[in-house]
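**Student:** Build out the structure end to end from the sequences listed, making use of the hints.
There are 2 protein chains.
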Amino acid sequence: MPSGKKVTLKDVSAASGLSLITVSRALRRPETVQEETRKKVLKTIDEIGYVPNLMARSLVSNRSNMIGVVVPILTSSLFADFAQGAETVLKGANLQMLLGVSQRSREQEAEAVRTFIARQADAIIVTGFTHSDACHKLLKAFDGPVVETWNLRPEALDISVGYSNFDASADMTRYLIDKGYRNIATVGGAFENNDQATDRQNGFLNAMRQAGRSVPAENILAVPNPTTIESGGPLILSLMDRKDPPDAVFFQAELPAQGAMMACLSRGIRVPEDVAIAGFGDLSISRLMPVPMTTIKIRAEEMGQRAAELVVQRLNKDEVPTSVEDVGFELMIRKSA
Amino acid sequence: MPSGKKVTLKDVSAASGLSLITVSRALRRPETVQEETRKKVLKTIDEIGYVPNLMARSLVSNRSNMIGVVVPILTSSLFADFAQGAETVLKGANLQMLLGVSQRSREQEAEAVRTFIARQADAIIVTGFTHSDACHKLLKAFDGPVVETWNLRPEALDISVGYSNFDASADMTRYLIDKGYRNIATVGGAFENNDQATDRQNGFLNAMRQAGRSVPAENILAVPNPTTIESGGPLILSLMDRKDPPDAVFFQAELPAQGAMMACLSRGIRVPEDVAIAGFGDLSISRLMPVPMTTIKIRAEEMGQRAAELVVQRLNKDEVPTSVEDVGFELMIRKSA
DNA sequence: ATCGAAATGACACTCGTATGTCATTTGACC
DNA sequence: GGTCAAATGACATACGAGTGTCATTTCGAT
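So the sequences go chain by chain: A and B.
To convert, note that position 6 of the first sequence is 6 in our numbering; the numbers rise steadily by one, no gaps.
To convert, note that position 250 of the second sequence is 250 in our numbering; the numbers rise steadily by one, no gaps.
These aren't lab readings, by the way, just hints derived from the structure by calculation.
Fair warning: there could be bad hints in the mix.
Heads up, the list lumps identical chains together, so a pair's fine if it works in one copy or across two of them.
Said to hold, decoys possible - Here are the simulated DMTMM-like pairs of lysine to aspartate or glutamate, each with C-alpha atoms no more than 20 Å apart in a straight line:
1) Lys43 with Glu31
2) Lys43 with Asp133
3) Lys243 with Glu302
4) Lys137 with Glu111
5) Lys137 with Asp46
6) Lys137 with Asp11
7) Lys140 with Asp46
8) Lys297 with Asp274
9) Lys179 with Glu36
**Tutor:** See below:
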């Protein structure tokens, strides 16, 4: 273990022969000390390797400069994009991101939020609007900006940055209907504690209803949580084995859609001739697949950036004009449907 | 902004009518207070929503329970897996992960490390062995476990957990040679400040040399940093347009390999008949591609877990038997080469 | 009622940094 | 040598939690 001990301001003071106060001033208000003194301090700091203790500083200033961010999982491109977007903006504002992973469990989300609060985070960014009572209470009592992301809902706690999962899903469904598909199945996933997934499902059902289409129960399917590329293949193959197979399948998550397409192609099932496939999420590979995927593009990185930007604005006491920001989505009509 | 003010132990004391000391004891050494008192304290805490200030606690205990982790990028499945692995283990040990993204820049890495130290992180986990002088100095002076990951190198600072990029690359190269490919090209990427990429390149070159194969300069290619799925297609198409195109291309990164395969297939270039493609990284889709990808599996999540586990062990003052841990890799021989 | 132990409280001090008030030193200028 | 401002220093206090020492209160057992 590389070892040195903690070097404090006091050590800098001792090593430089200057008083603690002067050293402190040289760093915090350089204009109040002589240039020469300041240089001496900086030189000493460099020599003995002093790094200021931000925790102690935070205790005094009542600002930790840390921002808590909760994501359901990291190992999903979109959430990684989101986290990366947030991290970039936060770093630019000299803020440290605290990352928590909830695994889509309300308890883990609450635990992460509790930890952020205990660590004196200045703001908290969470995914979705579905929280446990405890978590809700914590966030409401929290003294700082709270951003809910990845969806739009009326019951926002404070700020929200997202897109309408309901509308996105409904738009895609309408597109499929307009395209003339008559036997449309849908595959949801990761419903637990997940308003995004629920809204996607409802968006589909609503659009179908509005078009006067009934949806037989066997056309509403789901893959286990977390959604993976592996789950799509077996599912669509079992669908295609039916005597009245669907002519279109709308996957409410991208990975299973990709897996489904791969499975179809390797079984000689043509996409979209034999079955159309639509996804949700638009990963970078989707466009390059053997049959480019028709899907919904989500601006995950931008969402992370905006969430962070709004936090920064709030913390700087600038007003935040709108507290609900819709970053939108985009139907990517390609070949697969 | 949800608002409440900071609630301190003192407030609990006031609200409960108990002295500060008793409240403190009720929490820290429950056996020294009466059961009834303890309950009263807990009830008050719940009522007024007290959350302990871990920063203040850390100041005294000299332990922040935060662990800094630097990754080059988050938006790469493997690094996300790695971070997720680390996060899971750290959370299990009641440790908070501080995530820093270096974008493969030495300066940003150094900056992240400096921040971790300033925030009193108890341990630091970095990617690779290539650090700026400043960063190296910081890590050497750091008073806590330092883990270098994603490679194995003799010049480790402290602990290291990784696999041999050199060997992995060399193994794949030998496999291609043994398979009878005679005109093998390679595509590297993200070489800047990246010992992993460098070692992969050298592993290839070394294996070729040992097999008595010369590698013409035009067979050594690179994609820009960061590596993307988009870069693979144009590159392999230009290769295949040569009058003496390679019969195998070893991509030292997975995404360009995937992009290359997709591009070939949509151009009617058969894989592996017209050109074999090998990758490095084995993302979950690789196995499911139209032509399953021959590649090298890296245990990214496990690497993150082990790095975190070793940190936890060290912090618990248990001995860490080996300070160099090889998590290995695996050649995944599939159809594409 | 008395004794003793357990429970609780009071006070001082620590961690590293920051700041406000006031005192002292330094140096330049006349 | 005297004056004044700038630079520096000393001291106290704060942030929130925690500990050590010692004093006081409470309560049960005798």
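**Student:** Confirm or reject each hint.
**Tutor:** Structure-based check of all given hints:
1. For a Cα distance limit of 20 Å, the shortest separation of lysine 43 from glutamate 31 inside one copy, 17 Å, qualifies, whereas the shortest one across copies, 50 Å, does not.
2. Only between protomers do lysine 43 and aspartate 133 lie at most 20 Å apart by alpha-carbon distance; the minimum there is 17 Å, versus 53 Å within a single protomer.
3. With identical chains, the CA atoms of lysine 243 and glutamate 302 are never at most 20 Å apart, being 44 Å at best within one copy and 44 Å at best between copies.
4. Within a single copy, lysine 137 and glutamate 111 get their C-alpha atoms as close as 12 Å, which meets the 20 Å cut-off; across copies the closest is 36 Å, which misses it.
5. Proximity of lysine 137 to aspartate 46 under the C-alpha cut-off of 20 Å is restricted to the inter-copy arrangement: shortest distance 11 Å between copies versus 46 Å within a copy.
6. For a Cα distance limit of 20 Å, the shortest separation of lysine 137 from aspartate 11 across copies, 19 Å, qualifies, whereas the shortest one inside one copy, 44 Å, does not.
7. When the C-alpha separation of lysine 140 and aspartate 46 is checked against a cutoff of 20 Å, the pair qualifies only between copies, where the shortest distance is 14 Å, while the shortest distance within a copy is 44 Å.
8. When the C-alpha separation of lysine 297 and aspartate 274 is checked against a cutoff of 20 Å, the pair qualifies neither within a copy, at 24 Å, nor between copies, at 34 Å.
9. Proximity of lysine 179 and glutamate 36 under a CA criterion of 20 Å is satisfied in neither setting, with 76 Å inside one chain copy and 69 Å between copies.
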